[in-house]
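For the protein sequence lines, the chains are G and F, in the order given.
Be aware that the first sequence starts at 1, since it is given in our numbering, and climbs by one per residue.
Be aware that the second sequence starts at 114, since it is given in our numbering, and climbs by one per residue.
Hints were generated in silico from the structure; no laboratory data involved.
Mixed in with the good hints, there may be bad ones.
Every beta carbon over 10 Å from chain F, so not counted as near; a handful from chain G, in silico [unchecked claim]:
hint, residue
1, Leu11
2, Arg15
3, Ala92
Distance ranges between label pairs, derived from CB positions [claimed, not checked]:
hint, chain 1, residue 1, chain 2, residue 2, range
4, F, Ser136, G, Pro61, 28 to 34 Å
5, F, Gln155, G, Asn59, 47 to 53 Å
6, G, Gly84, F, Glu127, 35 to 41 Å
7, F, Lys116, G, Gly40, 28 to 34 Å
Think of the CB as a built atom: it goes at the ideal place given N, C-alpha and C, for glycine as much as any other residue.
Chain by chain, the residues:
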Amino acid sequence: DAGVTQSPTHLIKTRGQQVTLRCSPKSGHDTVSWYQQALGQGPQFIFQYYEEEERQRGNFPDRFSGHQFPNYSSELNVNALLLGDSALYLCASSSGGSNQPQHFGDGTRLSIL
Amino acid sequence: LAKTTQPISMDSYEGQEVNITCSHNNIATNDYITWYQQFPSQGPRFIIQGYKTKVTNEVASLFIPADRKSSTLSLPRVSLSDTAVYYCLVGPLRFNYGGSQGNLIFGKGTKLSVKP
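Isolated chain F, as found in the complex:
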């Protein structure tokens, strides 16, 4: 499975737009890019998922360039409650049982601190 690289930490202020970039140079053709958010002592929460170009939902946007070797999670107008660790993962969307695919490989994530 592709390895990802993210900044260890980022600081921002309330109301700002935050962009977290993830590098995944070895992404495979059938890999999707998924972002999770995790608060202390809670399980990761799905944020957004995409394959190419741009994906937007009610909480975030995901920008993926044509070569797919990186992706950027964009959080518009962050608030204090967005302070969390954000994980970028790449892997096949559909889990193939009995093979080497399907499990999620998490890195250390990006610790986002939003200040008032």
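Isolated chain G (complex conformation):
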């Protein structure tokens, strides 16, 4: 039973570019959340998707957007990349109808040059 998988594992971009990160949730999970983790900090919530809609959003600008597909997988898109967007981007999945905790993937390390 595969857990949460994210791709790519590492990515290097330059300022102003756009990036798309991908996440496949754990089997049986229908809810996907995205987090940004800067070096030395705890993860910060970006947004959460359920039934292909953004349900909750953290304090992140509109440059951060996402999508959830019918198979529950999800994408995180970031436009007009800034140096400060360099971070580990984590995807977590859960089952909306259960009391089970979120399961995290190992993230995508995004470096902005």
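Since the structure of chain G is already known, use the hints to place chain F on it.
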């Protein structure tokens, strides 16, 4: 969502019991307490979750006093592989879509270093 306070770092030796205390003075009635472990360049891993009194699983125990304003994660007989950052979070167990609940708020966590 309730804010948590944890020690920034702790040191221990192999074989010792480690207790990490988390303060959450503003915990709400429907909030649960959850602990995650994170190794470098990996995602957080769920350790344990509880609401009140004591919860124990195969890797840890969670002690929660009656007022629930704090909690203590207890790791028995730690090994070098327990060196990691430990996060304490509080929030509702079931995620309510469309409202202000449901996302996890992480602090900076406690960096535990286990020495031989």
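Outside-interface status for alanine 92 of chain G - nearest CB in chain F farther than 10 Å:
At about 7 Å from chain F, alanine 92 of chain G fails to clear the 10 Å cut-off, so the statement is violated.
Please test the hint of 35 to 41 Å on the beta carbon pair from glycine 84 of chain G and glutamate 127 of chain F.
holds, 39 Å
Consistency of the no-contact label for leucine 11 of chain G, given chain F and a CB cut of 10 Å
holds, 14 Å
Given a hinted range of 47 to 53 Å, is it respected by the beta-carbon distance of glutamine 155 of chain F and asparagine 59 of chain G?
violated, 25 Å
Please check whether serine 136 of chain F and proline 61 of chain G have a Cβ separation lying inside 28 to 34 Å.
holds, 32 Å
Take the C-beta atom of lysine 116 of chain F and the C-beta atom of glycine 40 of chain G, compute their distance, and say whether it sits inside 28 to 34 Å.
Since the Cβ atoms of lysine 116 of chain F and glycine 40 of chain G sit about 19 Å apart, the hinted range of 28 to 34 Å is violated.
Beyond 10 Å from chain F, beta-carbon-wise, is arginine 15 of chain G?
Consistent with the label, arginine 15 of chain G stays out of reach of chain F, its closest Cβ about 24 Å off (over 10 Å).
Figure legend: structure checked against the earlier numbered hints; hints not met, in rising order: 3, 5 and 7.
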